[in-house]
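Peer 1: Here is how the chains run, residue by residue.
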Amino acid sequence: MSTDKKTSEPLFSKKNKQLITDPLTDNNPVTIQVLGICSALAITVQVSQAIVMSLSVLFVIIMGNLIVSLLRNLIPSRIRIIVQLLVVASLVIIVDQVLAAFQPDLSAKLSVFVGLIITNCIIMGRLEAFAMANKPWPSILDGLGNGLGYGAILILVAVFRELFGSGTLMGYPIFGNSLPGEESGLYAMGYQNNNLMILPPMALIITGIIIWVQRSRNKALIEEH
Amino acid sequence: MESTLDIFVKAIFSENMIFAYFLGMCSYLAVSKTVKTAAGLGAAVIFVLAVTVPVNFLLENYVLKEGALSWLGSEYAELDLSFLSFIMYIAVVASIVQLVEMLVEKFAPALYGALGIFLPLIAVNCSILGGALFMAERQYSTILDATAFSLGSGIGWFIAIVAIAAIREKLRYSNVPGPLRGLGITFIVTGLMGMAFMSFMGIKYGKEAASEEAVPITTMIDNNEENNIN
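Protein chains in written order, with numbering that gives the first Met the number 0: chain F, 0 to 224; chain H, 0 to 229.
If we strip away everything but chain F, and leave its shape as in the complex, we get:
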């Protein structure tokens, strides 16, 4: 795919690579830019939901960035928000219909949160801040990087919540059988699942702790107040 590109810049130049790697670490959309938390945390009870949600967002953000970047010279700036919303809404309808057709169970579990990708601030934020001012290829990379950065946090939170809340990962029991009467593994020694992990507030607290760890490793990110 790189052969027909006639720009002088190589396809994976240092700058372009940074577009992918920065959002994964020091410019993470969730923990640093504070975007896209809205619908993210409610579906981190199970890892499988988090993965599906991340893939959906990844698709929408890459395609949205590409389309808006291609249209960027045609969109009058006064109505750009509405145009962006329509592009994103159409993409989300595609995701929703595909999910409903091929994964009806997951689609029912994700309920309104697939629809809420439309107002996910990451997507609007990247469209507005990056795709409106850049060529299609960097925009795709930017979407890829930010989608992955978002997914990384989502899946990390989901791993903690599912592991300690239900004792499973992706639905497979990790600590043994927890059914009363036939306990095995850790449960036989008196281990209990932490029901608090399943409740919504813990998603916030785990995210808070992830931010804490990240910022103590990189002091430059610490806020004044």
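A hint or two may mislead.
To be verified - In silico DSS-like pairs for lysine-lysine, Cα to Cα no more than 25 Å straight-line: (1) F:LYS134 with F:LYS16; (2) F:LYS108 with H:LYS64; (3) H:LYS32 with F:LYS218; (4) F:LYS134 with F:LYS13; (5) F:LYS134 with F:LYS14; (6) H:LYS169 with H:LYS35.
Said to hold, decoys possible - Sample of chain F residues lacking proximity to chain H, with all beta carbon distances greater than 12 Å (derived): (7) ILE19; (8) ILE74; (9) PHE112.
None of these hints come from the bench; they were simulated from the model. Where a beta carbon is used, it is the ideal one built from N, C-alpha and C, also for glycine.
With chain F's structure known, arrange chain H on it following the hints.
Peer 2: Same frame as chain F, now just chain H:
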């Protein structure tokens, strides 16, 4: 069947937009540095939610739902336009926000001065679209119930953002560990507030309240688990 009052109170407390569903977190985190601006944004959210959800309710029930177009004649009764609901809701929200902004500017300049800068922000606030989507998913039977839900959600959002703004104003004088400062501590405080709000779960209002038996706490947790997964 839930009573209207029940829906209203539940939307404010136990199913609070912020603490139970994390909707509108972006503006909640970004605009909660001082109580004054937080109250402005909160008021704008109440206002827009209370207007858009009933409009979307009518749209859902008379245009989009399967068989909703039967009032046009029997040949339209088979139509199911629900796949268009996302794009219709967001279009309604964006245009009503624009309309409200113009009306407020014309007829209530003082209010416009207070809410003005926040109104455009609200079109992309998750809690507004979330309100419409929850309304469609829960299939409220009357427009009164839908309005009670939207008003309750708005008030719950208002309470949440004003409370966190007040706490953040005080937090400025406390010695928070460096890496937690700002965003980190706000997340953790929100989590703790969420736990406090969860204690409203299971309270019943309205007529059935007297006849209901007390719900044991374990079933409450189980119910909640299901709610979360579903």
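Peer 1: Give a verdict on every hint.
Peer 2: Evaluation of the provided hints:
| no. | hint | verdict |
| --- | --- | --- |
| 1 | F:LYS134 with F:LYS16 | 15 Å, holds |
| 2 | F:LYS108 with H:LYS64 | 21 Å, holds |
| 3 | H:LYS32 with F:LYS218 | 23 Å, holds |
| 4 | F:LYS134 with F:LYS13 | 16 Å, holds |
| 5 | F:LYS134 with F:LYS14 | 13 Å, holds |
| 6 | H:LYS169 with H:LYS35 | 14 Å, holds |
| 7 | ILE19 | 23 Å, holds |
| 8 | ILE74 | 15 Å, holds |
| 9 | PHE112 | 9 Å, violated |
Checked against the numbered hints given earlier, this structure breaks only hint 9.
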